[in-house]
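Novice: What follows is each chain in one-letter form.
Protein chains: 2
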Amino acid sequence: MNPLPTIRLILKSFLSLLWFLFLSLAAVANARDTDSLPSWNSGPAKSAIVQFVKDVTKKGGPDFVPPAERIATFDNDGTLWCEQPMYVQLAFALDRVKAEAPAHPEWKTTEPFKSVLADDMKGVMASGEKGLVEMIMATHTGMTVEEFNQIAKYWLSLSKHPRFNRPYTELVYQPMLELLAFLRANGFKTYIVSGGGVEFMRPWTEKVYGVPPEQVIGSSIKMKYELVDGKPVLMRLPEIDFIDDKDGKPVGIQKFIGRRPIAAFGNSDGDYQMLQWTTGNNGPHFGLLVHHTDAKREYAYDRDSAFGRLDKALDEAPKNGWTVVDMKKDWKRVFPFDKP
Amino acid sequence: MNPLPTIRLILKSFLSLLWFLFLSLAAVANARDTDSLPSWNSGPAKSAIVQFVKDVTKKGGPDFVPPAERIATFDNDGTLWCEQPMYVQLAFALDRVKAEAPAHPEWKTTEPFKSVLADDMKGVMASGEKGLVEMIMATHTGMTVEEFNQIAKYWLSLSKHPRFNRPYTELVYQPMLELLAFLRANGFKTYIVSGGGVEFMRPWTEKVYGVPPEQVIGSSIKMKYELVDGKPVLMRLPEIDFIDDKDGKPVGIQKFIGRRPIAAFGNSDGDYQMLQWTTGNNGPHFGLLVHHTDAKREYAYDRDSAFGRLDKALDEAPKNGWTVVDMKKDWKRVFPFDKP
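Residue numbers (the working numbering), protein chains in the order written: chain A, 5 to 344; chain B, 5 to 344.
Careful, some of the hints might be misleading.
The list treats identical chains as interchangeable, and a pair is accepted whether it falls inside one copy or across any two copies.
[Claimed, not checked] Here are the simulated DSS-like pairs of lysine-lysine, each with C-alpha atoms no more than 27 Å apart in a straight line:
1) K228 / K316
2) K126 / K62
3) K193 / K228
4) K235 / K193
5) K316 / K118
6) K126 / K250
7) K235 / K134
8) K126 / K50
9) K58 / K332
10) K50 / K118
11) K226 / K134
12) K228 / K323
13) K134 / K228
14) K300 / K343
15) K211 / K193
16) K235 / K316
17) K336 / K102
18) K235 / K164
19) K63 / K211
20) K126 / K332
21) K62 / K157
22) K235 / K250
23) K157 / K193
24) K235 / K323
25) K63 / K50
26) K211 / K62
27) K332 / K134
28) K250 / K226
29) K134 / K112
No lab work stands behind these hints: they were computed from the structure. Bear in mind that the values here come from a model prediction, so they are computed numbers and not experimental data.
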């Protein structure tokens with residue numbers, strides 16, 4: 005028997021096998037592609053996201069953006085996790101005031117602490133921004149960064165949401181987790197750009213969102229480098245360093261990233277300038293607002309909300325070409341623990 | 005003829021081929037490994053670097069560090085590029101004063117501008133930090149970030165070093181370029197942490213060092229987000245935001261990265277705290293100082309230098325276990341244009 009046909013046969017089988025593998029992989033890749041956002045219902049919001057990602061990743065296409073420039077910024081409160089009935093960090097601050105009250109007898113008679121200790125939320129809110137800042141200074145400073153991170157992490161591991169009775173870190177939006185992963189799978193670098201405190205978020209964003217500490221931008225207090233018993237530490241000082249909200253968001257983005265994002269995701273008027281900055285460039289861009297319309301599965305709020313007020317940004321979304329997510333309609337699931 | 009031996013033969017050849025490919029690749033990888041720092045002479049500095057990288061990348065080893073935590077920070081002036089006879093950014097500021105002088109007749113009679121216009125460097129330096137800040141404010145602010153980046157980039161494209169007669173961006177240290185690449189090839193994220201202005205560096209660090217804008221930390225001035233003719237811009241304000249030098253470096257590292265580095269590289273007392281912070285942790289760590297000892301190929305300076313003064317950090321290097329590079333001895337080449 006001539007060995008050549010055998011060799012040919014083996015080679016042919018081998019090539020067929022390779023081709024089969026290639027087709028299978030292509031099919032899997034394709035299936036994965038259409039399935040990257042399983043918790044999003046079909047509709048204009050999902051289509052707009054998928055189309056944008058397709059456009060900027062299409063090599064040689066008119067809207068192609070090199071991977072290094074695929075910067076996407078996400079607000080946190082109300083965009084990635086639940087911000088009702090109050091910002092999680094505010095719940096943290098209230099608990100910290102109560103925990104530290106024994107060492108501060110003067111708090112019994114001074115606002116906003118008096119109201120906090122009396123569980124009088126109206127009184128707390130009446131103290132306004134000044135009162136909130138005082139509370140932050142009293143509870144978020146005077147320790148090292150490491151110590152504060154431990155305190156925040158410990159509190160988050162024990163505390164539960166009053167309505168859902170689950171840890172706050174489980175009250176993240178499943179469709180947004182999928183969106184973060186989908187963007188990263190398409191070469192995007194995903195950042196958090198939040199009005200919340202940067203060191204309150206950093207201990208858990210990598211595990212929960214896949215966003216590492218160096219990609220978290222937030223409000224901050226000043227720090228001082230010093231030696232304590234010969235060991236270097238970073239002390240948190242009772243002084244505001246930077247407020248990463250409203251027109252602070254584009255400033256924070258430039259400070260920390262030094263590039264203009266091509267996609268931005270928010271849910272309130274605090275995100276207006278970030279979306280305006282992102283979608284105001286000449287190249288391809290994408291802006292999205294999460295509109296909380298689902299009182300049953302989460303909350304329904306916008307113009308009159310104390311937290312996450314959405315008014316001007318909602319009005320101007322159509323004019324600016326921003327995609328508005330109708331939570332009730334567009335999201336198959338809200339939280340990871342919801343039934344699919 | 006029985007086809008089985010043929011098949012066996014083909015399979016055997018195929019396996020041999022695979023084995024051969026594997027060995028070749030291993031050999032190439034190995035060769036690359038020992039050759040990653042070709043501009044470093046054999047000696048304690050090179051050995052210490054290679055050993056550290058080996059230790060922290062060895063899976064299952066006692067000093068293994070997960071890739072996400074492999075943060076390496078580099079000073080810029082005097083560590084990555086030449087800082088003599090003066091900081092490049094100071095040369096830039098002097099040129100900007102001269103270029104803008106016609107619009108500022110008052111500069112003819114006010115310091116430090118008067119000295120700048122008279123090419124009197126002694127007079128400029130005599131104006132101290134106050135004078136330098138005034139000069140920075142006058143030449144680095146009042147325009148948008150984008151405009152400033154253009155100005156810096158344009159100046160760098162035209163200006164040449166007075167001694168070497170080459171663009172400043174060519175006066176980078178070849179051994180340090182190799183070190184940056186070597187660390188990145190081993191899973192490190194490389195950051196610049198410089199006392200220089202962050203927006204002066206960002207336009208060129210990616211091309212020259214392979215460090216993208218979001219991994220550049222530096223001193224900064226305040227910015228304001230505003231609309232000019234309906235278009236959003238970030239205006240640079242005449243107000244210092246952050247000085248990323250000395251004890252500002254660990255603060256900057258925490259602000260921007262939120263992780264403690266495991267390796268830090270500097271050349272002056274301005275880097276002392278960064279090295280102290282980096283090498284003061286309990287895990288594996290590495291600190292290195294470039295000591296400028298080579299008047300022939302570059303410059304020789306340390307304790308008495310106006311720029312890049314190296315005194316305390318040099319004295320304390322042995323005690324702290326910091327590697328000191330003797331430029332003359334340890335570097336085969338200084339600049340990329342030097343003969344290998």
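Novice: None of the hints should be skipped; say for each whether it holds.
Specialist: To see whether the hints hold, each was checked on the structure:
In the homo-oligomer, the alpha carbons of K228 and K316 lie at most 27 Å apart only across protomers (21 Å), although the nearest pairing inside one protomer, at 39 Å, exceeds that limit. For the identical chains of this complex, K126 and K62 are neighbours neither inside a copy (52 Å) nor across copies (57 Å), given an alpha-carbon limit of 27 Å. Taking CA atoms no more than 27 Å apart as the test, K193 paired with K228 passes between copies only; the shortest distance there is 25 Å, against 30 Å inside one copy. Only between protomers do K235 and K193 lie at most 27 Å apart by alpha-carbon distance; the minimum there is 25 Å, versus 35 Å within a single protomer.
Taking identical chains as interchangeable, the C-alpha atoms of K316 and K118 are never at most 27 Å apart, the minima being 35 Å within one chain and 50 Å between chains. When the C-alpha separation of K126 and K250 is checked against a cutoff of 27 Å, the pair qualifies only within one copy, where the shortest distance is 25 Å, while the shortest distance between copies is 45 Å. With identical chains, the CA atoms of K235 and K134 are never at most 27 Å apart, being 35 Å at best within one copy and 33 Å at best between copies. In this assembly of identical chains, K126 and K50 lie within 27 Å of each other by CA distance neither inside one copy nor across copies; the values are 39 Å within and 64 Å between.
Only within a single protomer do K58 and K332 lie at most 27 Å apart by alpha-carbon distance; the minimum there is 26 Å, versus 53 Å between protomers. For a Cα distance limit of 27 Å, the shortest separation of K50 from K118 qualifies neither inside one copy, at 47 Å, nor across copies, at 62 Å. Taking CA atoms no more than 27 Å apart as the test, K226 paired with K134 passes in both settings, with 18 Å inside one copy and 23 Å between copies. In this assembly of identical chains, K228 and K323 lie within 27 Å of each other by CA distance solely across copies; the values are 24 Å between and 45 Å within a copy.
In this assembly of identical chains, the alpha carbons of K134 and K228 lie at most 27 Å apart whether taken from the same copy (23 Å) or from different copies (23 Å). In this assembly of identical chains, K300 and K343 lie within 27 Å of each other by CA distance solely inside one copy; the values are 14 Å within and 72 Å between copies. With identical chains, the CA atoms of K211 and K193 are at most 27 Å apart both within one copy (16 Å) and between copies (19 Å). Taking the shortest Cα distances, K235 and K316 sit within 27 Å of each other only across copies (18 Å), while inside one copy they are farther apart (49 Å).
Proximity of K336 to K102 under the C-alpha cut-off of 27 Å is found in neither arrangement, the shortest distances being 39 Å within a copy and 63 Å between copies. Taking the closest pair of Cα atoms, K235 and K164 never come within 27 Å of each other, the shortest separation being 36 Å inside a single copy and 44 Å across copies. Proximity of K63 and K211 under a CA criterion of 27 Å is satisfied inter-copy only: 22 Å between copies versus 32 Å inside one chain copy. Within a single copy, K126 and K332 get their C-alpha atoms no closer than 30 Å, and across copies no closer than 70 Å, so neither meets the 27 Å cut-off.
Proximity of K62 and K157 under a CA criterion of 27 Å is satisfied in neither setting, with 41 Å inside one chain copy and 30 Å between copies. In this assembly of identical chains, the alpha carbons of K235 and K250 lie at most 27 Å apart only when taken from different copies (17 Å versus 38 Å within one copy). In this assembly of identical chains, K157 and K193 lie within 27 Å of each other by CA distance both inside one copy and across copies; the values are 25 Å within and 25 Å between. Proximity of K235 to K323 under the C-alpha cut-off of 27 Å is restricted to the inter-copy arrangement: shortest distance 15 Å between copies versus 55 Å within a copy.
In this assembly of identical chains, K63 and K50 lie within 27 Å of each other by CA distance solely inside one copy; the values are 22 Å within and 41 Å between copies. In this homomeric assembly, K211 and K62 come within 27 Å of each other (Cα to Cα) only across copies, at 24 Å, whereas the closest approach inside a single copy is 30 Å. For the identical chains of this complex, K332 and K134 are neighbours neither inside a copy (36 Å) nor across copies (58 Å), given an alpha-carbon limit of 27 Å. Taking the closest pair of Cα atoms, K250 and K226 come within 27 Å of each other both inside a single copy (20 Å) and across two copies (16 Å).
For the identical chains of this complex, K134 and K112 are intra-copy neighbours only, at 18 Å inside a copy versus 47 Å across copies, given an alpha-carbon limit of 27 Å.
Hint check: violations occur at hints 2, 5, 7, 8, 10, 17, 18, 20, 21 and 27; the rest are consistent with the structure.
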